[in-house]
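Enquirer: Listed here are the chains, written in short residue letters.
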Amino acid sequence: MKYIKKMLHLLQVITGNSSVNKRICEKNPGTFTENRRNFDVLVIGEMYDVKDLIPHNKTYLQFDAPDRTLFASFLILQGKFSWLNEGKGKCIIVCKKNNEKKKSVSMFDIPFLHTIIIHKYKLKKQQAELKFPLLCHPLQICKFIFGKKYEMSFVEKCPLPEIIDFCAQRDIEFEYRVIKN
Amino acid sequence: MNNIPWIFMGTFQNKDFDLLLNNVQIGIQNGVHGFDTAPSYKSEGVLGIVLKTLIEKGVVKREDLFISDKVDAWQMQENNGEMSQYVQDALHKMHLDYLDLVLVHWPLPEYLYATIRSLIELKEKGLIRNIGVCNVRIGHLKRILSNVGILPDFIQNEIHPLNNCDEVVNWCNEKNIKIMAYSPLCRMNKKLIESPILQELSIKYNKSIGQLILRWHLERSVMPVFMSHNPKRIVENTSIRDFSLDKNDIVRINAMNENYKIFLESKGCPGYEIH
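As they're listed, the protein sequences go chains A and B.
First residue of the first sequence? That's 1 in my numbering, and the numbers climb one at a time after it.
First residue of the second sequence? That's 1 in my numbering, and the numbers climb one at a time after it.
Everything labelled a hint here was simulated from the structure, so no lab data went into it.
Even glycine gets a Cβ: it sits at the ideal position worked out from N, Cα and C.
Be careful, since some hints might not be right.
Which residues of chain B face chain A? A few of them, derived with a C-beta cut under 7 Å, are [said to hold, decoys possible]:
id, residue
1, D16
2, G48
3, G139
4, N254
5, A255
6, M256
7, N257
8, Y260
9, L264
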């Protein structure tokens, strides 16, 4: 088993999957690698240029990925909202219109999810894909690395009321933005 | 309950037998009889062997020790809150007949009440003596009371001058719930080291900033759970019972609060309820 693991790791490195995996995972701030806390804004969802969304004097964290569904953004929010300044923080979720109703999670979401959530939603396939992201989803990787970030979106009522309730119960100001196709 | 420790030594990721043996022995020699572990710390087994060694050598008696362990989130989920097998495995691993305290590591709403009910059964059987919950707010404690019918005996939260948890500390003190503070020194965050208040008080009391903060915990009836691999630091951290802080100085340290937490609640407990 150890031998198999070592060979798989070697394969990961040789094929470039290891460095892509690292690039995806490093977007997730670590407890000890990121010392800042009490952010003003959390932006979750689609690859989006936030420069016009967030005032210069506000601190923010962004967790973005190509074609992230609204469902996945909600799962990420559940694990990440404590990065916000409690009682004074804002969450912005950005989503493409055609990803609003999909109840899917991608390999890009895995680094941001607690093992409890991964287990609950049976995301072993996505965990495995994350080890070989270039092999499994080359087009998505290209979007992730080279793709342009969207710049236009519209504020709309979130179609998932549970996100609205979730934020209200935790004193989080919530804004939902849609990228129209 | 007359062997409640005044301070605990934590064993987070401390898997080196020789190092832990030395540190635990120094701790005991300096008045520490509370030791804290958890499955995720990977130190249960080695702590068990260390304590067994020291008991067999006559350095300490089992009845004078207070050992706290935890049940982790994955255990709560894996068995839907039924903890019996995990606790028995921990006892076996640690060469113990009972644990003085078992804490629920994270208050996952889906499994919390079933887990506590399971721990109550284990307490009735004598396998654990006290039940606790970590990382809680007053709301969690009230809901535990209304759903399970009891309040926990202990809580363990991240408490230090930058996150003083005033509300929950005062509430628990009123209800006679014992309070443990993990990361009691906030890993000596730069803001504490460079704090003019703490530097001034350090001179006033002729104690290090670490000692001042640990004493601050005691003044609030909070038991710090400190961790150190340095024997000199262990001695320093336990040399805090020979002075007390003026009320005004306690207030000044309290006022340093910024709600700054190292360990974010939603990270350990997705969907964490803040009210």
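Enquirer: A separate judgement is required for each hint: does it hold in the structure or not?
Expert: Verification of the hints:
The interface hint given for B/D16 is broken, as the beta carbon of that residue sits about 20 Å from the closest beta carbon of chain A, more than 7 Å. For B/G48, the interface hint is violated, since its Cβ never comes within 7 Å of a Cβ in chain A; the closest pair sits about 25 Å apart. Checking B/G139 against chain A by beta carbon gives a least distance of about 10 Å; that is not within 7 Å, so the hint is violated. Because the smallest distance between the Cβ of B/N254 and any Cβ of chain A comes to about 18 Å, over 7 Å, the interface hint for this residue is violated.
The restraint placing B/A255 at the interface with chain A is violated, with a minimum CB-CB distance near 17 Å, outside the 7 Å limit. Of the supplied interface hints, the one on B/M256 is violated, with its beta-carbon coming no nearer than about 15 Å to a beta-carbon of chain A, more than 7 Å. For B/N257, the shortest C-beta to C-beta distance to chain A is roughly 12 Å, which exceeds 7 Å, and the interface hint is violated. For B/Y260, the interface hint holds, since its Cβ comes within 7 Å of a Cβ in chain A; the closest pair sits about 5 Å apart.
Residue-level restraint check for B/L264 holds (minimum Cβ-Cβ distance to chain A is 4 Å; threshold 7 Å).
The structure shown violates the earlier hints numbered 1, 2, 3, 4, 5, 6 and 7.
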